Each structure stands twice: as C-alpha cells, then as structure tokens.
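A.B. asks: Below are the chains, spelled out letter by letter.
Protein chains: 2
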Amino acid sequence: MLKPPVDPDLPHRVARSAAATEGAVTRTADVADWLDERRRAHRFEVERIPLADLDGWSFDEATGNLGHRTGRFFTVEGLRVTTGEGPSRHRWHQPIIEQPEVGILGILVKDFGGVPHFLMQAKMEPGNRDLLQLSPTVQATRSNYTKAHKGADVKYIEYFTEPGRGRVLADSLQSEHGSWFLRKSNRNILVEATGDVPVHDDFVWLTLGQIGTLLRRDNVVNMDARTVLSCAPLPDGDGLALHSDTELLSWFTAERSRHDVRAERVPLGGLPGWTRGEWAVEREDGRYFGVVGVAVRAGSREVARWTQPLFEPKGLGVTAFLTRRIGGVPHLLAHARVEGGFADTVELGPTVQYTPANYAHLAGPDRPPFLDLVLGADPRRIRYDTVHSEEGGRFLNAESRYLFVEADEVPLDPPPGYLWATPRQLTRLLRHNHYLNVQARTLLSCLTSGAVRLR
Amino acid sequence: MLKPPVDPDLPHRVARSAAATEGAVTRTADVADWLDERRRAHRFEVERIPLADLDGWSFDEATGNLGHRTGRFFTVEGLRVTTGEGPSRHRWHQPIIEQPEVGILGILVKDFGGVPHFLMQAKMEPGNRDLLQLSPTVQATRSNYTKAHKGADVKYIEYFTEPGRGRVLADSLQSEHGSWFLRKSNRNILVEATGDVPVHDDFVWLTLGQIGTLLRRDNVVNMDARTVLSCAPLPDGDGLALHSDTELLSWFTAERSRHDVRAERVPLGGLPGWTRGEWAVEREDGRYFGVVGVAVRAGSREVARWTQPLFEPKGLGVTAFLTRRIGGVPHLLAHARVEGGFADTVELGPTVQYTPANYAHLAGPDRPPFLDLVLGADPRRIRYDTVHSEEGGRFLNAESRYLFVEADEVPLDPPPGYLWATPRQLTRLLRHNHYLNVQARTLLSCLTSGAVRLR
Numbered sequence: 001m002l003k004p005p006v007d008p009d010l011p012h013r014v015a016r017s018a019a020a021t022e023g024a025v026t027r028t029a030d031v032a033d034w035l036d037e038r039r040r041a042h043r044f045e046v047e048r049i050p051l052a053d054l055d056g057w058s059f060d061e062a063t064g065n066l067g068h069r070t071g072r073f074f075t076v077e078g079l080r081v082t083t084g085e086g087p088s089r090h091r092w093h094q095p096i097i098e099q100p101e102v103g104i105l106g107i108l109v110k111d112f113g114g115v116p117h118f119l120m121q122a123k124m125e126p127g128n129r130d131l132l133q134l135s136p137t138v139q140a141t142r143s144n145y146t147k148a149h150k151g152a153d154v155k156y157i158e159y160f161t162e163p164g165r166g167r168v169l170a171d172s173l174q175s176e177h178g179s180w181f182l183r184k185s186n187r188n189i190l191v192e193a194t195g196d197v198p199v200h201d202d203f204v205w206l207t208l209g210q211i212g213t214l215l216r217r218d219n220v221v222n223m224d225a226r227t228v229l230s231c232a233p234l235p236d237g238d239g240l241a242l243h244s245d246t247e248l249l250s251w252f253t254a255e256r257s258r259h260d261v262r263a264e265r266v267p268l269g270g271l272p273g274w275t276r277g278e279w280a281v282e283r284e285d286g287r288y289f290g291v292v293g294v295a296v297r298a299g300s301r302e303v304a305r306w307t308q309p310l311f312e313p314k315g316l317g318v319t320a321f322l323t324r325r326i327g328g329v330p331h332l333l334a335h336a337r338v339e340g341g342f343a344d345t346v347e348l349g350p351t352v353q354y355t356p357a358n359y360a361h362l363a364g365p366d367r368p369p370f371l372d373l374v375l376g377a378d379p380r381r382i383r384y385d386t387v388h389s390e391e392g393g394r395f396l397n398a399e400s401r402y403l404f405v406e407a408d409e410v411p412l413d414p415p416p417g418y419l420w421a422t423p424r425q426l427t428r429l430l431r432h433n434h435y436l437n438v439q440a441r442t443l444l445s446c447l448t449s450g451a452v453r454l455r
Numbered sequence: 001m002l003k004p005p006v007d008p009d010l011p012h013r014v015a016r017s018a019a020a021t022e023g024a025v026t027r028t029a030d031v032a033d034w035l036d037e038r039r040r041a042h043r044f045e046v047e048r049i050p051l052a053d054l055d056g057w058s059f060d061e062a063t064g065n066l067g068h069r070t071g072r073f074f075t076v077e078g079l080r081v082t083t084g085e086g087p088s089r090h091r092w093h094q095p096i097i098e099q100p101e102v103g104i105l106g107i108l109v110k111d112f113g114g115v116p117h118f119l120m121q122a123k124m125e126p127g128n129r130d131l132l133q134l135s136p137t138v139q140a141t142r143s144n145y146t147k148a149h150k151g152a153d154v155k156y157i158e159y160f161t162e163p164g165r166g167r168v169l170a171d172s173l174q175s176e177h178g179s180w181f182l183r184k185s186n187r188n189i190l191v192e193a194t195g196d197v198p199v200h201d202d203f204v205w206l207t208l209g210q211i212g213t214l215l216r217r218d219n220v221v222n223m224d225a226r227t228v229l230s231c232a233p234l235p236d237g238d239g240l241a242l243h244s245d246t247e248l249l250s251w252f253t254a255e256r257s258r259h260d261v262r263a264e265r266v267p268l269g270g271l272p273g274w275t276r277g278e279w280a281v282e283r284e285d286g287r288y289f290g291v292v293g294v295a296v297r298a299g300s301r302e303v304a305r306w307t308q309p310l311f312e313p314k315g316l317g318v319t320a321f322l323t324r325r326i327g328g329v330p331h332l333l334a335h336a337r338v339e340g341g342f343a344d345t346v347e348l349g350p351t352v353q354y355t356p357a358n359y360a361h362l363a364g365p366d367r368p369p370f371l372d373l374v375l376g377a378d379p380r381r382i383r384y385d386t387v388h389s390e391e392g393g394r395f396l397n398a399e400s401r402y403l404f405v406e407a408d409e410v411p412l413d414p415p416p417g418y419l420w421a422t423p424r425q426l427t428r429l430l431r432h433n434h435y436l437n438v439q440a441r442t443l444l445s446c447l448t449s450g451a452v453r454l455r
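If you read the protein sequences in the order shown, they are chains F and R. The first sequence begins at 1 in this note's numbering and counts up one residue at a time. The second sequence begins at 1 in this note's numbering and counts up one residue at a time.
Calculated from the structure, these hints are not laboratory results. A portion of the hints provided could be inaccurate.
The list treats identical chains as one, so a pair stands whether inside a single copy or across any two.
[To be verified] Here are the simulated SDA-like pairs of lysine to any residue, each with C-alpha atoms no more than 20 Å apart in a straight line:
no.	residue 1	residue 2
1	Lys155	Arg38
2	Lys3	Asp413
3	Lys3	Asp238
4	Lys3	Pro411
5	Lys314	Arg287
6	Lys3	Asp30
7	Lys314	Asn358
8	Lys314	Leu375
9	Lys3	Arg165
10	Lys155	Glu98
11	Lys3	Val329
12	Lys3	Val294
13	Lys314	Pro368
14	Lys3	Glu247
Owing to the predicted nature of the structure, the values given are computational and were not obtained by experimental measurement.
All chains, please: the whole structure from these sequences, using the hints.
C.D. replies: Below you can see the structure in the form of structure tokens.
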C-alpha cells in the first residue's frame, strides 16, 4: 500500500514521448492544416476600440483603476516599486494587472502504445498573433470555471478539479509575467487519464516530440501550453553540474534575501509618468507598454462577444539563455531577476529578457548585460531562434524572440546575479513554486520537448 | 570539476551527529550549569512598562501605527484578512508586525572526530522564559548586522554573508509566525567551517544528539535554533509513504489554490475590536494577544539598555502532530493552515495549533479539529510533551506545549485540509521556501535531533 516518492517509470515514458516526433493519432504535418481549419470554423474578429467603448469596464472615479462592473475578471491598477534604500534606492511606477485568483493550466495525458500523448486545444485568444494557437487542454481562470462568464462549460475541467479522475504527474504553482501581473500564479498540472477520453472538436492528441517540432515554428504553441509542458518530469541522469543543487539553492536564497523590493498598489489615476488618452493608458515617453481596449467576436469562446482591456508592449522582446558546455555537460546561464509583480522579490529568468526598443537610447556600460552578445551572435552559435506569443488573454501583440545562444567565452564565475546551472537542475525546481519565471519556462519547454538539443 | 546534486556523505554524517548523545567538547550534563553561569554573568532584567514609556517608539498620529523614530527595526500595524467570498466570506482584524527585511538564522558546523558539531549560543531575548536559551550561532536581522543598533559586531556573521568562508549544507527561506508577522521570512543556514573556529564566551559546540537531549527539557532550545536544526539533511531511506511526493505536492498546490486569502495592511488606530490602553493594545474581549512594552537591561546584547514593544499571547499554546504507523512506516498528520501573514495563503502546520483559552467558549462541532483528542490523550500515547518558547525578541511569554500523540484511529483519508505524510517527506520540503510553518519545524527538529523517536 506504500508508494515510492516518485513513479520511477514516468520520466522514461516522458522521454519516450519527447523522442516521438510522430504520434499515434495525428501526423505532425497535418497539425497546421487542422489549426487553419479550426480558425476558419470559428471566424474570429478582434478590433481595437477606444477605452471609453469598453462595455462593462470603467475607470473608478476615485482611484482611476480600470475594472469590470461585476468586480470579477481583473482590474488594472497602479504599482509603485521601490528597491534598495539610501543612495541605491530606485523607484518606478507602472500599471499592473490585479487578478488574485489562481487559474488552472492543465494538460490531459493518455498513453497510446506505450507513448504518452498530450491533449492540446486550438484556442482563440484575442491578443495572439493569428488569434488561434495550440493551448493546454484546460486554460481557465476561476471565473471561467465557476461560470462568471455565463458561457459554456470548460471542457475536461473535471480531470483537474476532481481528485481521482486521473493520475497527477505534475502539479505546481507558477508565476505569470511579473512585469505585468501582481502576484499572479496558476496551477500547472499534468494529469494522466486511465479510461476513455472523448475528443471534442478543437482538441488533438500529440506527443511531446510533435509539440517540440511545432515549437520550432513561430507563434504556434501558446504560452500556457509552454509553461505546463516545461513541468513534464524527465529522467535525472547522473545530475552532475558545475554547482551542486545545494549550492544552487543557497545562491538563489541569497539573491532573494539581498534584494529589497517593496511593491505597493497605488491608484492608476495620476500614476507618475503615465497618462490616459482616448486609446491607451501609456507613458509620456512612449516606452514599455500601454493599456488598450479591444472588442472580440468569436464562436468558440465561452461567450460570443465581449470587450476587454489588454496590455500592449512597445516592440518585440528578446529572451535568451546563453549556453556553454562545462565538463562535457551543457549549462544555461540563469539570471536572478527582480520583477515588481513577483510574489517574492526574485525568480530565475533567462540570461537576457529585454525589449530592445526600450534601451535603444543607452550605450556602453549602461546597456543591459549580455543583450548585445545575443543580438550580435554569429548565426552558427544560435541553437534556437523562434518567435512566441505571451498570454493572449491579457496581452496584445506581445511577442518575443526566444533564443539559445552558445557563449563559451562567458566565464564560469559570471557577474553577480547570474549562475551556470544545467537544464535538469532548473526543471527539477519546477516541481516547486515560483523558482522560474514564465520566460525561462518557455525556453525550458523547448528542451523538454526536444525542440532544441544543446551541444 | 563537476559535482553531484547533493553530497552523498552529508546525510550520513548528520545522522551520526543525531545518534551522538555526547559530544567531543562539552558533556550534555554540563550544559544546564553552563547556561546558568552565562545567565549570572550577564544579569539581565526585563520590566514591563506603559506603552507611553517606550523610548524612541511612538504611535503615528495619522495611522496609529507603532514604530521607531529611525524607521528601522519593525512597526506594529493593522491587518485586515478576508477569506472566501459570498456566503462563506470571513473577515478579521488584528495587529501585525511589519518587518520586511530578511534576517539570518545561521548555525556553524564543524567536524570533531567524524561527527558534526553545531555551534550554539547562550543568547538573551527579553520575551523568553528564563531570558537566556540556546540559540543559533548567528541570529541577526539585517538591522543587527548592518549596525542599526549601533552596538557590537555580530560574531561569526562572516561565515553566513561571505561566500567561500565555509561549505553550505542547507540554506532556505522559511516563514516566521504567520499569525503575528506579515510576510516575514528568514534565511535558515547551516555552514560547515573547514578551518579553525575561535570559540567566544557564550558559545558551545554540541552534537545534534546533545541538542536533542536538551529539546526534551522545557524552554532550553530557542525557536530560531529549532527552525535551523529542522533543515539539517538526513538520509532518505527508501522513501516509501502512503502518498508519493507528487501526490503530496499536488495536494499542497490544491490547498494553496482553493484558499482565497486577502491580507491588507490597515491603520492600527481604530482597528475594529481592538483598543489602546495604558499598558497594551488588546482586544475588548481579552482574547488572542496584546501588544505591550518592556524595558531591558542586559550586558551581552548589542546595546546595554533598550525598550521595545512585544506581542504577548493570552495563554499557553498547544501544538501537536498526530502520528500513526501506515504499512509499518510512521506518518504525521499535516494540516494546510491559513495564517494572515503568510506570503502565500497556506503553509503546512502540525495537526493541532491552538491556544485553548481562545476556544474555551466553544462546544461540540465548533471545537477546533483534533484539539480535544490531544488534550485528552492517554499518557501512554504521548511520545513527546515539552514546552518551548516562541521568538523571544518579538513575543513575551509566548509558550506552547509541543506534542507527538499516537492516533491510530484517525483514518487514512482524513478530513479536507489534512494529509498523512512521513517525517522525511516533510523535511525534504525544507530544502525549499515556505512549505512548513515554524511550529511544524519545531516539531520536526525534535525528530531530526532524535529528541523523539516515533514507533
């Protein structure tokens, strides 16, 4: 009746799925056509509208915060972030999305011929390039699945909310974008079904390797799918690394401790440096992002028409892990990043995570670390370079180039705030909450699924 | 040049230290006399004073918050906690300690004849029974070691702030009392010294087993020592348990997700249900705790005399793990607890954690779960029953009976919010942040040190 800490077979089955670039149900080559077909079946339209035309949404008279008349979904408020004290004190203000509920990002898994397959959904999100991308089986806020939308049921939700409907393979709380969300996290769950699973329209079974193939194409696999897939448990191997796990955890603890970050909610109205125009709340200098409104008409979403605010960044992001072999083992250069909305000061991000347009005015030592190394990398050193969309339910045209770049010249002892760790050291941390930010998880999902193989 | 994830010898060395009830340096029987001798050497006096006599501390005119004129140390503010929504909405108000800085609780470790010894300090804290108890090598707020006290240096601090002074054995962020601190956490660090370590007055080398012997006495080992010791890495064994680690983590994630806890700082002045008198800020019904003032005169603290506020609970706490054998393996009944000051909604606590006096007016199904089972337990089922003090730097006369009670009649499928887990499953989680609350860590330190052996 007793069980071992971890099912010893599971990591090997996941590895088999990652190695399978064709599946038992659908050919990889047919997925693009199927997505196009689903796109035609739903005829989505998204239109940018003035903020005043948002239906059910309004700016509070006292605070200027943007919220829905029901008090549900989310609000856009102001955030004042202060780091350090005395001469090293630094402070900024920004709008932030306040959505305290924990959503569910769940992928249903089922064995076909000894190879686990993942049930992916063709899901429309208003902010995504091409609108419809491959998404988790379930991608639901609590409002979604408790029917605040007054729309259709969330399909397959019972596998993730009713214990015993399947076998849990992974289940952890992971942060969303700390620059745009205040202390937002979602459950990232993989559940293996034991019995028959009916496959509804808009759903498809794919192996991890098939999804890896699709991750080599721009804007096909959505952010929510990427973060859940990064949590799939892979075999440990011998686990050798430049630093022991104890050293890695100690470094992380020291980074969390040394950063003194105070994030306080303040009114959106009168937020220093930001103004509200007809079409956007945005910065006077045009940098970072704006808060805009859209109207959406769609067939497959929970309700047929709605309007909502979205955050729209100013330009394409660049998100990259530098990699190098150490003692024959590939390592990634992790960065302990402060983002104002993190639940706990810092999380581990990729080496580089910037929107270059925001830093175009800087030169020399003021340039963000390692950014120019990535932007100017010899193509022969680039192991992966693909554009992906961020959360299309909250962000409009938020896209980043995701890269792995070989950088053997970066020393074993990098600058403060950076540390070399192996991919498996980082994915092991994904069993736990809030170690790795969502951008790092996207890049790790490319390794987990075999989209990238490091040399 | 590469390292394994964890030093494979370390857990066995820690186990040897836990098995050693005598040390290479000091006899266990001599520790009590040594503590008495240190107590006499310092001649501490603590006196209760009216709140108006606090020197350097005052109630802010606008907010009623209690703070120090330098803006350092900590403030006492109000907290409004709301859980649930709609008909299940529950709200309470309480004073809370706001001290956002991360302190260091560090114990220095050194090998004597193949057995790790731990450098313990005889340290005075104004709120502790007998004032002076065995404490970690270093127990310092950031204000302490950056000299806000304008007092003496913190001895041995360099081992914990300068990488490379020793070898890190464990290093994680752990919460303090979530009922009295707002999002407070400290680094819990064990560092093994490689070279000579000078032993100052007030310090003594003890094995884990010696400390375990002392943990069977009331009020000898302080809270900070207990929490650090709970993090000492022990061997895994075969790791068999009623639930796999994956199931345990999934249950914990679900518990964090299902609890909707909103904790907001509000002014201490006018806090509903609380009044400020000459001697205390306390509830009109006399329950829970009060905020009081003390004057302290001491020789061995960083400064020779000071005054400060302390939280004083109303009565002795009862903190207990129920235990039972499952498939021949001892398990503990963990409870997913909401405390208003936790960084993230819930942490795992002991089965029972209450101050019975606060619930004396309740009967039948309104009684706290399992409390009466502990209070009425047959003495033959009690494996451990010892009184320990909570953090004496912030709390006055805050003591709890800590118990392990055998309860084979509790079913394998306990009520929602409770789960059977093995001690090693729980201590493994202590490598990571914020899984186990400080009361659970005290009880786990009794197992780690061999003070309790479960049947």
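A.B. asks: From the Cα coordinates, with 20 Å as the cut-off, is the pair Lys314 and Leu375 best called within, between, both, or neither?
C.D. replies: within (18 Å within a copy, 62 Å between copies)
A.B. asks: Within a copy, between copies, both or neither: where do Lys314 and Pro368 come within 20 Å Cα-Cα?
C.D. replies: For Lys314 and Pro368, only the intra-copy Cα distance (17 Å) is at most 20 Å; the inter-copy one is 54 Å.
A.B. asks: Is it within, between, both or neither when you check Lys314 against Asn358 at 20 Å Cα-Cα?
C.D. replies: Classified as within: same-chain Cα gap 8 Å, cross-chain 55 Å, threshold 20 Å.
A.B. asks: Treating 20 Å as the Cα threshold, decide for Lys155 and Glu98: within, between, both or neither.
C.D. replies: neither (26 Å within a copy, 44 Å between copies)
A.B. asks: Within a copy, between copies, both or neither: where do Lys3 and Val329 come within 20 Å Cα-Cα?
C.D. replies: Intra 32 Å, inter 11 Å, cutoff 20 Å: inter-copy only.
A.B. asks: At most 20 Å between C-alpha atoms: does Lys3 with Val294 qualify within a copy, between copies, both, or neither?
C.D. replies: Result: close neither inside a copy nor across copies, 51 Å intra and 52 Å inter.
A.B. asks: From the Cα coordinates, with 20 Å as the cut-off, is the pair Lys3 and Asp238 best called within, between, both, or neither?
C.D. replies: This pair counts as between: shortest inter-copy Cα distance 10 Å, intra-copy 23 Å.
A.B. asks: Reference check for the pair Lys3 and Asp30, CA-CA at most 20 Å: within, between, both, or neither?
C.D. replies: neither (41 Å within a copy, 44 Å between copies)
A.B. asks: Check Lys155 against Arg38 for me: Cα-Cα at most 20 Å, and say if that holds within a copy, between copies, both or neither.
C.D. replies: Intra 17 Å, inter 67 Å, cutoff 20 Å: intra-copy only.
A.B. asks: With identical chains treated as interchangeable, where does the CA-CA distance between Lys3 and Pro411 reach 20 Å or less: within a copy, between copies, both, or neither?
C.D. replies: This pair counts as between: shortest inter-copy Cα distance 18 Å, intra-copy 43 Å.
A.B. asks: Is it within, between, both or neither when you check Lys314 against Arg287 at 20 Å Cα-Cα?
C.D. replies: Answer is within: at 6 Å inside a copy they meet the 20 Å cutoff, but 54 Å across does not.
A.B. asks: Is it within, between, both or neither when you check Lys3 against Asp413 at 20 Å Cα-Cα?
C.D. replies: between (41 Å within a copy, 16 Å between copies)
Of the numbered hints given earlier, the model fails hints 6, 10 and 12; all others are met.
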